[in-house]
Amino acid sequence: MFVRLRCVTSCAGVPAAALTVLVAVLATACSPSPAAEVVETPYAGGQHTTTSVDYPQTPPVGGPHDPQWADCTGTVYPAPIRPENAVHSLEHGAVWITYDPDRVDGDDLAVLVGLVEGQQATMLSPYPDQPTPISLQAWGHQLALEELDAGAAEDFLTTYRLAPDVAPEPGASCEMPAFLDAPLAPGDPSAYA
374 MFVRLRCVTS CAGVPAAALT VLVAVLATAC SPSPAAEVVE TPYAGGQHTT
424 TSVDYPQTPP VGGPHDPQWA DCTGTVYPAP IRPENAVHSL EHGAVWITYD
474 PDRVDGDDLA VLVGLVEGQQ ATMLSPYPDQ PTPISLQAWG HQLALEELDA
524 GAAEDFLTTY RLAPDVAPEP GASCEMPAFL DAPLAPGDPS AYA
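Take the sequence shown: its letter number 95 is residue 468 in the numbering used here, and every next letter is one higher.
Don't read these hints as lab results, they were simulated from the structure.
Misleading hints may appear alongside valid ones.
As the list claims (entries may be wrong) - Simulated restraints on C-beta separations:
no., residue 1, residue 2, range
1, Asp502, Glu413, 31 to 37 angstroms
2, Pro562, Asp538, 32 to 38 angstroms
3, Gln420, Ala523, 17 to 23 angstroms
4, Pro440, Asp538, 35 to 41 angstroms
5, Ser546, Glu519, 16 to 22 angstroms
6, Thr423, Ala545, 15 to 21 angstroms
7, Asp478, Ala564, 28 to 34 angstroms
8, Leu553, Val412, 17 to 23 angstroms
9, Asp528, Glu490, 16 to 22 angstroms
Where is the CB? At the ideal position from N, CA and C, for every residue including glycine.
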């Protein structure tokens, strides 16, 4: 992609920090990145459990899950959430974006927040020590990114969020005020235990 920037008026009044952010955003958007593939792993829905689950993927993309889903109404969680609750949200058609907080911050994190905040059937949370800096999960589908690729993330959201041929219960409620008010962390017992 080729982008030409032209300053029509004087740029003298633009703070250096604003120009730095603009250059960083354009560099991310315009630089080619290695093509990432969506990995598909089929799972049956409706498998509720109140125990912890040892998932084969990190972060998980399907399988047994808690009866209570994580709120996925464009929710940005500041801390890691219990995977068993997040997987239930995936069953409802949500997309769960995760990031390793040791490798993603600043402008990249702001872009991820912008993709999620206020968007139905989406949620974002840190997931320390995941294999890649950024990962997107839908029921049975995962896109692992070594670096931010906003276009690939938007394509994943468009393709998999509330997709009737992907999620077992697309369009089921994403609202869960109890989880939103007191999110469960990895290792916490189920609210139904």
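- Query: Honestly, do Thr423 and Ala545 meet the 15 to 21 angstroms range at C-beta?
  - Reply: 19 angstroms, holds
Please test the hint of 28 to 34 angstroms on the beta carbon pair from Asp478 and Ala564.
31 angstroms, holds
* To do: Could you check the hint for me, namely that Leu553 and Val412 are 17 to 23 angstroms apart, CB to CB?
  => 29 angstroms, violated
**Study point:** Asp502 versus Glu413 beta-carbon gap, inside 31 to 37 angstroms or not
**Key:** With Cβ atoms ~24 angstroms apart, the hint is violated.
Outcome for the supplied range 32 to 38 angstroms, where the beta carbon pair is Pro562 and Asp538: 34 angstroms, holds
So the hint says 35 to 41 angstroms: do the beta-carbon atoms of Pro440 and Asp538 match that?
Hint violated: Cβ distance 25 angstroms, outside 35 to 41 angstroms.
Return holds or violated for the Cβ distance of Ser546 and Glu519 against the range 16 to 22 angstroms. 34 angstroms, violated
Review point. Is it true that Asp528 and Glu490 lie within 16 to 22 angstroms of each other by Cβ?
Key: 19 angstroms, holds
Open item on the list: Can you tell me whether the CB distance of Gln420 to Ala523 sits inside 17 to 23 angstroms?
Closed with: At 33 angstroms between Cβs, range violated.
When each numbered hint is compared with the structure, violations occur for hints 1, 3, 4, 5, 8.
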